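Asks: Generate the whole structure from the sequences, applying the supplied hints.
This note's numbering puts the first residue of the sequence shown at 67, with every later residue one more than the last.
Simulated from the structure, these hints should not be mistaken for laboratory data.
Computed spacing ranges between beta-carbons, pair by pair: (1) Ser356 to Gly205: 18 to 28 Å; (2) Glu347 to Arg116: 44 to 54 Å; (3) Ser100 to Glu192: 58 to 68 Å; (4) Leu122 to His180: 50 to 60 Å; (5) Leu190 to Ala355: 17 to 27 Å; (6) His92 to Pro220: 50 to 60 Å; (7) Ala278 to His180: 38 to 48 Å; (8) Ser356 to Ala279: 28 to 38 Å; (9) Leu190 to Ala82: 54 to 64 Å.
Values in this document were obtained by computation on a predicted structure and should not be read as measured data.
No residue lacks a Cβ here, since even glycine has one placed at the ideal position from N, Cα and C.
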Amino acid sequence: MELRQIRHFVAVAEHAHFTRAAESMHLSQSALSSSVRALEGELGSALFERTTRSVLLTAAGQVFFPYAKRMLREAADAGAAVGRLRTGEAGTLALGTVQTFTAVDLPALLARLHSGYPGIEVTLREATTAELFEAVAAGELDLAFVALDARPLPAGLTALRSYTEELAVVVAPSHPLSASDDIDLAGLQAYPFVDFQAGTGLQTTIESLFVAAGVNRRITFRVSDIDRVLELVRHGLGVAIVPDTIARRSGLRRIRVRPNHPRRILALVGRVPAPTTVAAEHFLELLAASSSAVPTGGQTGE
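Replies: Here's what the structure looks like:
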């Protein structure tokens, strides 16, 4: 059953005349009649009583008519909905991020997206990198900002943008290290650490730094929230290594790590090198205009 056939049937029913219906649709009467006969053949019932003077709906035609009208309305609504998605007037964007991502002012970016495209519905999920990888791969998220450590990008995911964040030590103003401007990793081993739960992107990066330097840490607090990390440090319960942007905003004493000012690498990942929705396209356009992210050229995990 084709939508064209249903339109032809409705036109004949509304005009009660094949010729007038054909003229309204700029068709020949023979083409219209053939289309209606094909529809009747598919339904296995005559839809019209044809006389020399008029065309009347049969019982089957009367039953079918409201359904046919509804199908045409729903087809029009579906086309309009797809059109709104195509133009960005509507749509959805499911976005994920690691908690400590600061390379982009994400709230400001989402505010610009909402202002420019108020019909796009955005959802945001904070999770670990591993959880975000799984959610993007499963289609639960369209895009996600993740922290990359020693693990390769999972197969089926593509890095669309990459970022680097410098890391810094934070201590309480009353801490013995508060007078220092910089310090090496070995100089931190005498002090208790406040760290993230094992397995998070930032924790893995920090752990790798100390392992590579051959320095042991004494971790006395493991938490899952960056605000809790900073509050424990603020109360003098340990030192922490956090992204430099967070260190600057924290109000704590910020100490740079020498000699190489360690950094971590982050990325915006998706399933394909180019977005498949207009909502994602608009988000990436705003992202490109507002950040210094480095496009990766569609590097795909293997």
